[in-house]
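If you want the building blocks of each chain, they are given just below.
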Amino acid sequence: MHKLKLASVLVGLSMAGSSFAATQVEWWHAMGGANGEKVNSIAKAFNGSQDNYEVKPVYKGNYTETMTSAIAAFRAKQQPAIVQVFEVGTATMMAAEGAIYPVHKLMQESGQPLDESAFLSAVTGYYTNSDGNMLSMPFNSSTPVLYYNKELFAKAGISQIPTTWQEVESVSKQLQSAGVGCGFTTAWQSWVHLENFSARHNVPFATLDNGFGGLKTELTFNGPLQVAHIEKMGEWQKNGIFSYSGRTNDGAAKFYSQECAMFTESSAGYAGITRNATFDFGVTELPYWEGKVDQPSNTIIGGASLWVLQGHSKEEYSAVASFLSFLSSAEVQADYHQVTGYLPITEAAYDLTTKQGFYAANPGTETAVLQMTTGTPTANTKGLRLGNFVQIRGVIDEALESVWSGDVDAQTALNSAVTRGNALLRRFEKAND
Amino acid sequence: MTVTFPQKGLPWLLLLPQLLVTAVFFLWPAEQALEQAFYREDAFGLSREFVGLENFADLFSDPLYYQSLVTTLVFSFSVAIAGLSVALLLAVMADRIIRGKLAYQTLLIWPYAVAPALAGVLWWILFDPSMGPIALWLGAAGVEWNHYLDGNQAMILVVIASTWKQISYNFLFFLAGLQAVPRSLIEAAAIDGASPFKRFWTIVFPLLSPTTFFLLVVNLVYAFFETFGVIDATTKGGPGQSTTTLVYKVFDDGFVGLDLGGSAAQSVILMGIVGLMTVVQFRFIERKVQYS
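Protein chains in written order, with the numbering used here: chain A, 1 to 433; chain B, 1 to 292.
Worth flagging that the hints you see were computed from the coordinates, not collected in a lab. Virtual Cβ for every residue (Gly too), placed ideally from N, Cα, C. Fair warning: there could be bad hints in the mix.
Calculated lysine to any residue pairs in the SDA-like style (CA-CA distance at most 20 Å, straight line) [claimed, not checked]:
#  : chain 1 : residue 1 : chain 2 : residue 2
1  : A       : K314      : A       : D51
2  : A       : K60       : B       : A117
3  : B       : K236      : A       : S405
4  : A       : K150      : A       : E169
5  : A       : K60       : B       : I81
6  : A       : K232      : A       : Q166
7  : A       : K216      : B       : E41
8  : A       : K382      : A       : A22
9  : A       : K430      : B       : A117
10 : A       : K238      : B       : V143
A few chain B residues that face chain A, going by a derived Cβ cut-off under 7 Å, partial list only [as the list claims (entries may be wrong)]:
#  : residue
11 : Y39
12 : S130
13 : M131
14 : P133
15 : G257
Rough simulated footprint, nothing fancy, chain B against chain A, three-plus residues with beta-carbon under 8 Å [to be verified]:
#  : segment
16 : 253-264
17 : 397-409
From just these sequences and the hints, can you work out the full model?
Okay, structure coming up:
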């Protein structure tokens with residue numbers, strides 16, 4: 001009996017510590033460092049803006065760890081209301097119909113306005129279902145762009161900024177004859193050189209609209225265009241135009257050390273490059289093969305979105321809905337976009353940033369937005385929705401590495417990656433049917 | 001000496017804490033893994049389907065699984081052999097030192113206190129192809145080091161990082177073993193005219209064999225099951241699958257890929273391997289070991 005009293009006193013004390021009447025919801029996220037501080041300040045701003053709800057951000061480690069802990073928590077019925085899930089986890093979340101609360105439905109049932117046409121469709125498209133309804137709220141989205149070292153370009157007498165892969169090749173040769181070690185290196189090879197490459201050239205990465213059409217999707221990234229590009233990259237790896245430096249963004253070191261003059265990397269890498277590069281650099285759109293496509297299409301996004309999980313009370317969901325409205329407001333989005341380098345998710349936030357003169361003051365920061373909003377997204381450029389995508393990326397990484405090392409030719413490597421990837425898709429289909 | 005208890009209850013009561021710990025932390029999870037291996041389940045546990053041996057059939061029809069087994073064997077034996085030989089060499093030398101002995105021995109023990117992930121990161125930085133000092137020295141010596149591309153180099157890197165951590169542990173045991181070798185035996189051999197090398201091989205090394213055997217078992221188990229942190233921090237199993245060991249694959253399929261059934265099936269196979277390894281070691285190798 002004493003213990004029970006003690007417990008109730010403790011509970012009372014802990015409740016007195018927080019604002020009393022507010023409904024509290026947890027938000028699990030994967031943002032460390034400066035981005036993590038931004039997450040905390042957004043939550044703080046929301047909590048300060050009203051008295052009814054309180055959002056509590058909890059850092060859960062990297063993307064994989066955050067997603068795995070949310071799933072484990074769901075199985076133990078201890079799940080948070082909001083969880084940040086990286087883009088490759090999208091299909092897994094979507095397939096878990098009993099576990100997620102689609103954002104469009106949540107907003108509707110909580111009476112919060114959600115004007116889906118106000119969002120940048122190239123960003124939200126990745127997270128909408130086939131009826132065009134938003135299932136999760138994009139939080140941090142980025143897209144690959146080309147960074148280049150202005151000083152090395154000047155040294156080699158290059159004034160033309162490359163927009164096509166043909167130009168990347170010729171510029172690299174010029175750089176090499178001026179004594180630069182390598183033309184370009186890349187981060188996230190599968191994302192940049194296969195996923196976004198396919199979107200940019202408007203060719204499918206997988207059947208059934210890149211998986212948006214259902215679980216029966218099959219990989220098609222072993223098409224002639226992709227094979228030609230990977231073959232060329234393999235050739236470039238040999239003659240030093242390209243230099244491979246790992247599966248994630250380790251390539252940054254080669255760009256910082258000026259070993260490589262160009263770097264294909266996420267637009268969100270801008271802040272890191274600004275901090276680490278001791279030279280003047282420029283940002284331009286992701287190159288395409290001239291002659292293979294009339295007009296390059298928009299690229300697709302990477303990053304993460306916020307998913308709402310089932311199993312909470314009505315008040316908690318009102319808190320979540322009100323927070324998501326706050327998060328998508330133009331002021332919050334514009335500020336977030338400018339501080340972190342992630343893409344804004346609404347037209348209004350983009351317009352506001354332009355009006356505030358941010359792009360004029362920070363050249364290169366608008367590149368990603370412009371590249372994302374080129375033309376209207378097609379079935380090939382809306383995004384990718386593939387089950388077991390984390391492992392499929394692993395399979396692709398292995399295949400690409402075997403091409404870079406010269407062990408296997410591009411066609412064979414991509415064919416085998418497609419076969420192995422399809423087996424993973426079938427496994428996912430069976431488990432989620 | 002046998003202790004007898006007046007009543008039956010007390011011994012069980014005394015054993016209870018240990019039995020509980022074993023049941024809760026070892027038997028229950030093992031049983032869960034065994035059960036999970038026969039099901040196919042989505043990540044959230046919303047649906048679950050009994051599939052019999054399908055998860056196992058998938059594994060055994062996958063050539064990459066066999067490749068991972070080979071990788072594990074190469075990795076484990078390299079770590080165990082390298083770890084034992086370097087530690088033995090260091091222990092023999094430390095045993096001979098007279099001045100500053102304590103400082104030398106203490107320094108050699110330090111790496112054991114470093115967490116596996118940190119050890120991994122440390123070696124990863126030293127060998128980084130664009131900025132690592134060792135990679136740069138190798139480059140100057142004409143060896144092009146790029147473990148992102150070269151599977152053999154990646155394997156060498158994880159072996160070095162994993163061995164380095166284990167050397168201290170082996171060193172401690174070898175040093176204790178060396179100090180237990182009776183001086184009189186060595187001195188007698190020396191008087192008979194045996195060279196230092198011969199004295200080591202014919203007297204010291206055989207007397208060390210119980211220690212060596214114990215360390216071999218411990219090191220193999222370490223390399224098989226506890227090097228996950230090092231691999232995750234250095235190569236993440238790549239390039240290709242050249243450093244994907246069985247344990248790393250369990251983690252990758254289960255926690256990254258969220259394929260619980262397949263991952264559980266692999267764990268069950270690993271449990272079998274541990275059992276087998278222990279039996280083989282004790283039945284065939286231990287017979288050759290001389291316990292004084």
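Enumerated hints in conflict with the structure, sorted upward: 5, 8, 9, 11 and 14
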